[in-house]
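Student: Sequence:
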Amino acid sequence: MSLPIIRTFGSYQLTQASIKRVAAITGGAQGLGRAIAQRFGQDGYSLVLCDVSAPHLERAVTEMSASGLTVQALEVDVSDEASVRRMRAHMEHQFGRLDVLVNSAGVLGLIDNKAPKVEDTPLSVWERVLKVNLTGPFLVCREMVPLMRKSGAGRIINIASRAARVRSGDPAYSASKSGLVGFSRVLAGDLAPDGITVNCIAPSYIPTGLVASMELEGAVAASALNSPLGRIGVPDDIAGAAAFLASKDASFITGAIIDVNGGSFMQG
1 MSLPIIRTFG SYQLTQASIK RVAAITGGAQ GLGRAIAQRF GQDGYSLVLC DVSAPHLERA
61 VTEMSASGLT VQALEVDVSD EASVRRMRAH MEHQFGRLDV LVNSAGVLGL IDNKAPKVED
121 TPLSVWERVL KVNLTGPFLV CREMVPLMRK SGAGRIINIA SRAARVRSGD PAYSASKSGL
181 VGFSRVLAGD LAPDGITVNC IAPSYIPTGL VASMELEGAV AASALNSPLG RIGVPDDIAG
241 AAAFLASKDA SFITGAIIDV NGGSFMQG
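For the sequence shown, the numbering used here begins at 1 and goes up steadily by one.
Check each hint, because a few of them may be wrong.
Straight-line C-alpha distance at most 25 Å; calculated DSS-like pairs for lysine-lysine [unchecked claim]:
#, residue 1, residue 2
1, K114, K131
2, K150, K20
3, K150, K248
4, K20, K248
5, K131, K117
Read the hints as simulated data drawn from the structure, not as lab findings.
Let's have the full structure, built from the sequences with the hints guiding it.
Tutor: Given below as structure tokens:
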């Protein structure tokens, strides 16, 4: 595998004096990851967008740097151990620290744009979803934690799903997000002595490129009806929750699942 592509845009010079807080977001060039990155950039973080798609990275970083944000792009496949290790090497060389890590990269287990039943799910689909959605956060957390310790504290925010709490039609996706919640709780206990908190956000259907790959008209309508608040969420809802979890106001919260789904998890 070739080395990851690192793209730096904008006229800023990164020095220890100019680096305040650093946030790395996987899946950061699109969907929820981009919305979260945009919010963190507005909050003053130096951003590292980590994504498997070079075209999405270039577009996101060009647009975000044009709005005055401090941002870099790093092409990373979170399911590949060597790629994640190169991500760590870049972060260590460029910043020497990491304050916030958001694991937002994810895939669905769809076949012909529909969620299959368990008996119709090919092993290749199952393995791909688990590798990106569960093994990916494991690899990224394992490699990034030493950098977070250098900051003296830190925040890890894993994007789970309502599917980890109620029945979902996508077996691989549901299993991966349930596993992510369990992993996050173990990690929260491991890292508590280091002052590093680990929490999950559990969205419902949010209009992004990921869910847009499904036949969603009926699903979105059903999601809105299933929400006590009577609407679907938007990416900024998730970004706001992530900003809170990254803030000092959330310093006493760890091992938690923050449901940002309009209360739909209560409906089952």
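Student: Look at each hint and say if it fits the structure.
Tutor: Each hint, compared with the structure:
1. Distance hint between K114 and K131 is fulfilled; the C-alpha atoms sit about 20 Å from each other, no more than 25 Å.
2. This hinted pair checks out: K150 and K20 have alpha carbons roughly 14 Å apart, not beyond 25 Å.
3. A threshold of 25 Å between alpha carbons decides the hint, and for K150 with K248 the separation of about 18 Å falls inside it, so the pair holds.
4. The hinted pair formed by K20 and K248 meets the criterion: a straight-line CA distance of about 15 Å does not exceed 25 Å.
5. At most 25 Å may separate the alpha-carbon atoms for a hinted pair to count; K131 and K117 meet this at roughly 19 Å.
Every hint from the earlier list agrees with this structure, and none is contradicted.
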